[in-house]
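S.K.: Taking the hints into account, I'd like the entire structure generated from these sequences.
Each chain is listed here by its residues.
Protein chains: 6
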Amino acid sequence: MKIRDNLDALIEKHPEIYEAYSRFGKAVHEQGGPLDERTRWLIKVATSAALGYPKAQLTHMTKALEAGCTPEELEHTILLVAPTAGFPRMMEAMERLREHLRSPEEIRP
Amino acid sequence: MKIRDNLDALIEKHPEIYEAYSRFGKAVHEQGGPLDERTRWLIKVATSAALGYPKAQLTHMTKALEAGCTPEELEHTILLVAPTAGFPRMMEAMERLREHLRSPEEIRP
Amino acid sequence: MKIRDNLDALIEKHPEIYEAYSRFGKAVHEQGGPLDERTRWLIKVATSAALGYPKAQLTHMTKALEAGCTPEELEHTILLVAPTAGFPRMMEAMERLREHLRSPEEIRP
Amino acid sequence: MKIRDNLDALIEKHPEIYEAYSRFGKAVHEQGGPLDERTRWLIKVATSAALGYPKAQLTHMTKALEAGCTPEELEHTILLVAPTAGFPRMMEAMERLREHLRSPEEIRP
Amino acid sequence: MKIRDNLDALIEKHPEIYEAYSRFGKAVHEQGGPLDERTRWLIKVATSAALGYPKAQLTHMTKALEAGCTPEELEHTILLVAPTAGFPRMMEAMERLREHLRSPEEIRP
Amino acid sequence: MKIRDNLDALIEKHPEIYEAYSRFGKAVHEQGGPLDERTRWLIKVATSAALGYPKAQLTHMTKALEAGCTPEELEHTILLVAPTAGFPRMMEAMERLREHLRSPEEIRP
Chain A
14 MKIRDNLDAL
24 IEKHPEIYEA
34 YSRFGKAVHE
44 QGGPLDERTR
54 WLIKVATSAA
64 LGYPKAQLTH
74 MTKALEAGCT
84 PEELEHTILL
94 VAPTAGFPRM
104 MEAMERLREH
114 LRSPEEIRP
Chain B
14 MKIRDNLDAL
24 IEKHPEIYEA
34 YSRFGKAVHE
44 QGGPLDERTR
54 WLIKVATSAA
64 LGYPKAQLTH
74 MTKALEAGCT
84 PEELEHTILL
94 VAPTAGFPRM
104 MEAMERLREH
114 LRSPEEIRP
Chain C
14 MKIRDNLDAL
24 IEKHPEIYEA
34 YSRFGKAVHE
44 QGGPLDERTR
54 WLIKVATSAA
64 LGYPKAQLTH
74 MTKALEAGCT
84 PEELEHTILL
94 VAPTAGFPRM
104 MEAMERLREH
114 LRSPEEIRP
Chain D
14 MKIRDNLDAL
24 IEKHPEIYEA
34 YSRFGKAVHE
44 QGGPLDERTR
54 WLIKVATSAA
64 LGYPKAQLTH
74 MTKALEAGCT
84 PEELEHTILL
94 VAPTAGFPRM
104 MEAMERLREH
114 LRSPEEIRP
Chain E
14 MKIRDNLDAL
24 IEKHPEIYEA
34 YSRFGKAVHE
44 QGGPLDERTR
54 WLIKVATSAA
64 LGYPKAQLTH
74 MTKALEAGCT
84 PEELEHTILL
94 VAPTAGFPRM
104 MEAMERLREH
114 LRSPEEIRP
Chain F
14 MKIRDNLDAL
24 IEKHPEIYEA
34 YSRFGKAVHE
44 QGGPLDERTR
54 WLIKVATSAA
64 LGYPKAQLTH
74 MTKALEAGCT
84 PEELEHTILL
94 VAPTAGFPRM
104 MEAMERLREH
114 LRSPEEIRP
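First to last, the protein sequences are chains A, B, C, D, E and F. First residue of the first sequence: 14, per my numbering; consecutive thereafter. First residue of the second sequence: 14, per my numbering; consecutive thereafter. First residue of the third sequence: 14, per my numbering; consecutive thereafter. First residue of the fourth sequence: 14, per my numbering; consecutive thereafter. First residue of the fifth sequence: 14, per my numbering; consecutive thereafter. First residue of the sixth sequence: 14, per my numbering; consecutive thereafter.
Copies of the same chain look alike in the list, so a pair counts if it works inside one copy or between any two.
Below, a list of computed lysine to aspartate or glutamate pairs in the DMTMM-like style, where the Cα atoms sit at most 25 Å apart:
no., residue 1, residue 2
1, 76, 21
2, 26, 85
3, 26, 112
4, 68, 29
5, 68, 112
6, 39, 25
7, 26, 108
8, 39, 29
9, 39, 108
10, 39, 79
11, 26, 49
12, 68, 50
13, 39, 105
14, 26, 50
The hints are simulated quantities; they were obtained by calculation from the structure and are not laboratory data.
M.R.: Pasting the structure below:
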């Protein structure tokens, strides 16, 4: 799988960089404030959807589902991005959600 | 206040456009899925923060606070944007949060 | 066809959201001012080209051609984006125009 | 005036770069296709509005008005950007139009 | 090859536009200041990586390698983009570097 | 000074997040590859210039000058961004360079 390949290559070649990045992400996630796990991942889905990053969105959707978010909550999250980010960016994100729900084991990073 | 001025001018000159936009925003917000009011506004704060829209972020933060979100939850939301959007974009959004909390009545749109 | 699939899924699942969005787009298009139909679509082609949204650009190009714009006018529109948006963004949009003109019935959304 | 200052400094220090850039802009503008002068500038207004470049938008609006476009046409152009680029980006551009029309001689680059 | 196809089509149809663009790029490159050839191309790799332009990045990487930059220098350049542009944008650029190094003759524009 | 204020507030309130971010930046900078200190900072200037982050660009320019880069090298770096990112983005970055060189002690973060 492509996301893993690229990440694995980074981890193999630059373990200290990936480690430092992971710690930064973790610090923000766990020590940045009081939001619960589900809300955290929905916010990250909104972020990657708004910015148009397909692979980050896949990772964030997977994590959100693992944290107990429902497909309907993911869909609501993506729809909420539309007025601010514009319709096309939302539609691209929505397509990725639909593909992910159709074949999670194939696409799951 | 600048945000209101610009919005008022639009509403006055193009009421049907603003009306249609509001309905779209409302449809997405209320009929887009099951997320509660607080989470909806946090997601919108994340969106405007990630995209770097100062005035939209002010509106979203005001609405989030009115919906019962705490300043700490807004801060957590903005911090969560950093790994995906990059540090400078998060810092710009954080500065707007801090200024908003310092003088809500002045800046509040 | 992918654009239609994604749009159809939205329309089926969230008819009221798509309806509200369509009204907003229509209000802006028809009541936003005096520009004629052809100019409106060229402006939308410029917008989706400048922002790098492939599917929106396909829709806008199709509508522009239906409104009577020539391929040369679409090309001119896209070229005009280059100095402001940078060369790569223009070239991506130009490639989509070329592919669209080669096989309109296949790609046409 | 700031736009001129910055441009003058570039022209003074790197005349050959500005000259080359101007030729590129001119080639795109005049030899890129059949669009008339007014439409060309509206397309450039749409581009700088969609991308959020305040100074480029000022230049493009000034040129559009000089080419005979009306304020209503500029307004329509900017409104048409909204569904694709999102509401906040359009509103920022609309505010710049309004300020420009209020005090053209002050802001005019 | 796609990059060449698209570029060739532009050159064939609008030689004067491509010529003007090339001169602009050359003026910036050769007369813009004292940086040596290798550094110039690394800066262009950073630019296309930060902005997420796959084809421009391929061109810039090819030129950087031709100018004597090592794969390790390209990798360092792309990694340096991460804190400012965010992790996903860097990872996309890194994947393009890896693919380019694996099969340069296939992908090389 | 605004940059410091905002950064100081983050450091005071979330020392562990800033610490983790700094380590990530340092890992990328020092362990990401063989580029020398001067080239690293020029690449970061190109990145913040291309993405339009004023405060990050100030930090990167300050560090680049401290590392021994000349104003002419910074200017060349920013000019090189223009063909890929578009003229307006480069001009905004150039204005920040000029202001920084005029009054380094005032603006220096």
